[in-house]
Structures are given as C-alpha cells and as structure tokens.
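Put together the whole structure using the sequences plus the hints.
So the protein sequences, as listed, match chains A and B. Take the first sequence: its letter number 386 is residue 393 in this note's numbering, and every next letter is one higher. Take the second sequence: its letter number 140 is residue 215 in this note's numbering, and every next letter is one higher.
These are calculated hints, taken from the structure and not from any lab test. Do not take every clue at face value.
Stated by the list, open to error - So the derived label-pair ranges between C-beta atoms look like this:
| id | chain 1 | residue 1 | chain 2 | residue 2 | range |
| --- | --- | --- | --- | --- | --- |
| 1 | A | Glu482 | B | Gly467 | 56 to 66 Å |
| 2 | B | Trp111 | A | Ala493 | 24 to 34 Å |
| 3 | B | Ala107 | A | Ala493 | 30 to 40 Å |
All C-beta atoms, glycine included, are put in the ideal place defined by N, C-alpha and C.
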Amino acid sequence: MSAGIDLAFKSLAPRASDWAAILPELGVAALSLFALLQAMVVPARLRWLIPATARAGLVLVAVMAVTGDGGVVRPADEALFGGLLRHNLPMAGVRLVFLSSALLTSLMAGRFLAARGAGLADYHHVLLVVTAAFMLLVQSDHFVPFFVSLETAAVGLYVLVGYLRRSEASLEAGVKFLVAGGLSSAFLLMGMVLVYGTLGGPGAGDSLSFPAIARALAAGKGTVLTLAGAAMIVGGAAFKLGAFPFHSWIPDVYQGAPTPTTAYLATASKAAGALSLLLLVTGPFAPLAAKVAPALAGLALLTLLAGNLAALATADIKRALALSGVSHAGFLLAAITAAVARTDAEAFSYPAENVVVLYLLAYVAGTFLTLHSLSAVPAREDHERPFISLRGLIRRSPAATAGLCFGVGSLAGVPPSVGFVTKLLVLALLVKAGLWWVLGAALVGVAISIHYYFGILREAVSRPGEDREDAAPLEVGAVSRFIIGALSLSTLAAGVLILL
Amino acid sequence: MAALPAQLLQAVVATPVATGLLLIAGRRLPRALGDWIALAGFVLPAALAPWLLLTWTDLSIPPEAFRSGGPWGFGLSLNGFSAPLLAMTSIVGLAAGIKAMTQDVEARHAYLGLLLFMLGGTLGVFATDHVVGFYFFHEFALIPTFILTLFWGGEGRRPAAMQMAIYLTVGAMASLAGILLAVDAAGLDWAGATFEGVADALLAKGAPRAAGALTLFGLGTLASLFPFHSWAASGYSAAPTPAAMLHAGALKKFGLYGLALLGLTSLRVTEGALGGWLLWLALGNTVLIGLVCLTQVDLKRLVSWSSVAHMGPVFLGLWVAGARGSASGLDAAVLLMTAHGLSCAALFLLSNDVRVRAGSYRFEEMGGLASRAPVLAAMFVAASMASLGLPGFGNFWGEIGVFLSLRAEPLWIQALAASTVVITAVYTLRAVAAAFFGPESAALARRAEAAPFGDIGWTSRLAAGLLLAALVAVGFMPSLVTDSTNRVSADVVKYARPAAKTPSAR
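Take a look at the structure:
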C-alpha cells in the first residue's frame, strides 16, 4: 500500500521542466509580490516606480511568452505537474491576451487612480495576481487547479471592482459582483461534485482529471446527473464569459466599477471565460458533443441577440459597451460552438481555437483603444457617461476622436480593421460547421450593433452647434497619444497580418 | 517586377490614399502646400485611369500585364467591366476634388484628405478582381463618407447618416455572407477567390441559393434597389456636394458591379424566383421612384431621388442579361453605369452652384437664374439632357441598349421600362424650368440686391466641363466603353446560362 502512495507522489512531484513550462505565470506572480515589496520600502516620491516596474515586467514576460515558452520546447500535449496542467490551447496567443490586458489596464489605471487618490501598489498587486491566476486557469487539465485558479481570480476581481471605497457606485458594483460571482462558483462546484460523484468509484481513476472524465464519458458511463453536472460547469464558465442568460450582472458591474477595472473585466475576465469554456467543451465534455453543440448554439444565438438588443436601449457609453461585450461573448460562443460541432472546422486555415484567440486579441485591442480614448474626456462621475458628453469631441481633440473611431470601428467589425477580419473568421467557421441559425443571428446582431456603435461615433464626429460653451480643447498627454496611436495602428495592421 | 500597366494601376489606387494620409497626418501644413498635395491626389488617377481604359481595349496587350500581387493576399487587376468604371470614377473624383478645393470649409486638410480616402477606396473597388478585396475597398470608402456627412454635411445630417449607416451595414453584411458562402461552396483558398475563380468553380457545382439571395438583396441595398433605397436620397442630400458626387456617381456602382460579375456568374441571381424578384423590384425603381421624383420640391433631393430611379434600367439590363442571356443588355447596363456616374455627379455639382446663388435648394425660391448665370444654366441643361437620355450623351446608348435588349419581353414590361424616359423628361424639364427660366423669384431678386452674384467661375466650369466632355465622348464614341465590355459580357452570359440548357426556358 505504501509503495502505491510512494509511486503516486513520485508521479506528482514536479520536474524542472514543469516549472519551466509555467515560467511566464511565475514571472507575473513574482511581479505581483514585487509590487507589494516596493510599497513597503519605496519612499513616497518614488511611488511611480511601482507601476513602471510592473509594466516593464509585463512587457518582458510577454516577450518571453511569445518567443517560445521560456525557451523550453516540448510537445504540446505533455502533461505537467502530474496531470494538473496541460497546454491544450495555443499558449503564446493565450498568454498575450492576458498579459496585454493587464498591461493596458495598468496604463489606464495610473492616471485614473492618482486622480482619485487611490493607492497604486495594491491595485497592481491584485491585478497581477488575477492575471497569473487566469493564465493558470486556461492551462488546467484537472478540476482542482481549475477551481483554485478561478476562485483566486474571482476574489481578486471583487477587490478591483470595489476598489474606489469612497464611490458608492463602485462599492455597489463590488457587492453585486460578489453575490453573482458567489452564486456562479457554487453552481460550478456543485457541477464538479455531480460529475465526480457519478463518474468516480473504485478503479475509475482520478475523475477530477479532464482526460479521465473524457474517457469515462466516451465509455458511456455518464448518467443524467453527470449531464446536469456538466451543464452546471458550463454555466459557470458562461457566467465568466457573460453569455445569455448569465449576463445580467454585466451592465451594472461594468458601469459601476472603476473604468480600468471595467476594461479588465471586459477583456481578461471574458477571455478567461471563453477559453475555459473552450477547454471544457473540447476536453472533458468532448464526448457529449452531440448534446453540448445544440445547447451552445442556442446560447450563442440568444447571446448575440440579447446583447445587441439590450445595448440598443441605453444612452450611456459604459453600459452600451458592457452590453456590446455580451454580443462579443456571443461571437466567441459561436466560434466555440463551431469547434464542438465540427472538430476539424477551419477558417482560412486557422483552427477554431486559434480563431477564438485571435478574436480575443482583436477584442482586447478594440476595447482598450475605445476606453483609452474615452478616458481623455472628463466626466463628472466615472459611472455616468452619456453619449451626449462626447458631442463635439472632434473639435476638442482630433486624436481622441480618431482613436475612438478606430476602436469602435474595430469593435463593430468595420473593414479593414482587425475586428472585421476576426468576425470574418468566425463567420467562416460557422459556414464550415453549417450553423446557419447562429450565422443569421450574428449578421442580424452586427446590423443592430451599428445603431449604438454608430450612435457613439455620431456624437463624437458630428459638427457641433455653435452655441456650445464647454468646447475647450482637451489636453491629451503624450503617453495617451502614444497608446492611442499604437493601438490604432495595430487594429489596422493586425487584420492584414492575420489574412496573410 | 510587374508590367507598366500594372504599376500604373497600383499608382491609381495608391496615390489618393497616400496623399489623403499625408493631408490628415499633416493637419498643420500650410494651406497652399496641402492644396498641391490634394491636387496631385485628384489629378493623377484622372490622368492614368482613362489611359488604362484605352490600353485595356488594345488587344495586343495581354490582360496579365495589368495584374499585380498585393501584400494583403489579393492582387490588383483590371477587367472589361472595371476598366470603364475605373476611368469614370477617376474623372468624377477629379471634378469632386476641384469642387472641394473651391469650398471654404473648417479643417480643410482633413476634408480633402477624407475625400481622397473615399476616392482611393472607390478606385480600389474597380481595381481588384478578388471577391473579398473589392468588398474591403468598398468599406474603406464608406467610412470617410460617414465622417464627411456628419461633420461637413448639411441639414438633417445626423438622422440621414444614421439611416445610411444601418442600411449600408445590413446590405454589406448580407452581401459579405453571400460572398463567403459562395467562396466556401467553391472550395477555394484565399488567393484563388477571384470573380473568375469562383465562377469557374461554381459552374459545375452551382451555388447555394441562400448565397444568391443574400448577395442580390445585400448588393441591391448598396445600389439602392427598390424597396431598400430609402437611405439613398436623404443620405446624398445631407452629404457635402463632393461626397455626394463620389457616392452617388461612383461608389454606389459597387453593388451593380458586384451583381454583374458575381451575381450573374457564380450565384445565378436571375434564375428562378430570385430573377422574378429582381425584375419586379427593378421596375419599382423605374416607375415608382420616378413618380416619387415628380413630387420633389427641392433640387438636391430631386437629383438624389433621380439617381435612385435611374438604377432601374441598370437593374433591368442585368436581369435581361442573366435571365435571357442577352450580352447586349449587360453591355448597355455597364455603359449606363458609366454614363450615369458622370451625369449624376455633374448634376450634384451644378445644383450646389445653384444653391450658392439662390441661397436654397427649394424651387419656390429660384426662377429666372438663367439671365444672371447663363453658363451655369447651359451646363445644367446639358447635364439634365444627358440624364434623361438625349442622343449625344453616353446615357442615351445605355438606356436605348437596355430597352432594345428587352424587346423580346411582353409589351407591358417594355412599356413600364420605357416609361422612365417620359417620367424623367417631365421632372427634369420641370426642374430646369423652375430653376432657370420664367420670371425671377422675389427671393432671388432680394438676394441679388443684397449680395450681387454672377455666373460660375472657371473652377466650376472646369469641373462640370470635364464631366460633360466625358459624357459627350461616350455619347459619340460608345465604343470607348463597349470595346472593353463586349468580351466580358459574352463570357458572363455564358456563365449565367451554361450551354447545357436550352436557349429559352420559357
């Protein structure tokens, strides 16, 4: 007996190559601790060092992640840490999604928090912890690391949403997020219990491990309760993604949260939801494809319509962007559905999981470009930004207007932006997978979305009446200009690069 | 190394885009320098594209000489339909550019730069044979159109721009879906997805009907096919004049061009029930929109509506080519597209000159303008005559060609189609009479007293003269266009009606 335990421990003991495989995550975690350390020792006038080192570190980690997994080459399907982790997704792109979201959030948070007298060090510490957790989440091959990293990220996000302690809106959003997030975690946990309980048993192996679950399901061991468990788990991931009908928390939380946190929620958190959902439905639950695919298709269809129709009815920019994020979740769901419905689905020679990653990258660029441009416009309250507040922006700041045009244009999917190209890839996937109803909903959704996207741009671009008094030119700092310019350029260039 | 014509074709598309970029980036450049840059962007395409049309019709030069690869995965090339449309666009672009440079507007460099983007995108539409590439260029041209309308547009620009954005996006999305379906059904890779490649691949297999329907109604919306036309009149009316010239004259032809090269060949949009729809809706453009034109009391709105009505005969030409295999109908449709672009741009241009003098576009405030501005009156009358299809102008050959190719149809179809000539004559002549002849209106007399005005200056004469000269050239030598289109029309008709079928189904 003790020999068996010994053997089990040996197989679990991490090897050097396991650590090397998660070097970028370790790097982000180290940066996060470093931010706390700096907060203790750095004198007040050198406080700017904290975000600066975090940003420089994130850039370095991103370079490391993109140039080849920390220099270690290994087969993609190798189990890490005794089967707890596995690189099932294209990791370079996936890591880039999270690292760039964190970097751009930090760039946005600097001025935002300083203007409101909130601490930078704690914000960066939590932001980096959450980022590292998300990066581990999408490598999980086992429900234990899956749940642990998901909860680590969730707790951090509760803090980030309620970060402005003097703002009622921020605190209210924090509480709402806590309640809704707690509920979804409970569902997720219940689902795991059901799956574990119905598939486990003597000799069944570790039925929290993704491959073991897939094997058991393929062998026909599932019962109705297993299905219910799978549905609950998928629902938990759909909550993160913000898919219908788990989207109702999104507008309130996004609107109330500090804008940098909103941006992070909209990008990194949504990406984590999309990627973990992709991981689940193509991994442990792949044998259920015949049941999962129609359900996901229905979810995608409803999400596309619900997000866009709800956004139509709002006149607040942050709320409209939050709800448009729901429709983007619909596009991501559509791509995931295509991946489940037809495992060999390709769009212009990109496999479905690469399409999801590319869509996320484009979405990150478009969202941050839009929000960076918007943050140039002063608002009396961070959570109140009516469309009308943009009126005449083109005269006040051509740079911010141009950034807004590129950002919103990319989110809306106007050619030749990268947003258009990635939408095209998803549409092509849908054609390949024969998901005509979802394709129709996607096209209808895009048509509806033009109304509110164009509504935002219309206020910014229209020639204002002559009687406006607050039409003083806006100062956009050199750093903001650089970020807006670089992101604008990337929304244009990336589309071309993808199609090459 | 690409051949010379291919390089010139690249220059035609790249010059307006590059100069536009320069102007927008260099907002603080001195005004004179900016004007020279803009002028280069407008003049160079207008010098090269007509030459390319002449070179294209020279059979000793192979079509490959016009082809070049592109860094974005699709190349530039020319075909028999696009060569005349490219030349037409470049001339309309030059006239619009001259008009824009005489206007005194806020943020002049940005205005000219965006107009150059619009021109570059429109030229790009006709300079590639890649089915996604031509769509890409169209969208590239639409974005500046919205900005131009929103910032520099006239009355009612905000609702008009929103309406236009929704209609055009829905149309563009539907046609994109249709195109993608066709490419997918053809099983082609990105590089092979040219008009010819898709048509060849689908000749045997046939395309999904959904693709045909999406493309017909999508591209139809973009070309203001009845009843998806309601964005057009308000959109053109609200746009600044140079943007309206380029949009109604040139950019709108994207939809028709796409239907001719993709709809008729690969997607068979004239087959079966879809063909019936196209016929009826085209008659809707011809007759119903013609009647709408009769009720207009505002010159710019009339010109806008009439440009919608004039799409009717073009759609009829496309229909008869696809449904009846009439190559001459297709020839005439492309000829009419070319001529309409020129005449419609001339009418928008001169209407603005009328407005500058009368202070309004409303007929009731005009009258008797001819005595104060005889050259303007003469040019306006000429453009109107061109638009109603008087012999001597290009439109005549287009319209008569369409009507002749319809001669095997039932009499009522012919009658409804030909009624456009009568209706157009009524509203055009009425407009000319109201604006230029008869007694001078009290409002005009007061204006002339307060701020005396004369005839149009040399810049307007030059811009309108260019368009009218091109119209007369096509009117007297329709072979300028038909030499280029003939070969393609015959091929397209073959694709539309594969040889296996009997000549007449009905």
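For this structure, which hints from the list above don't hold up?
none
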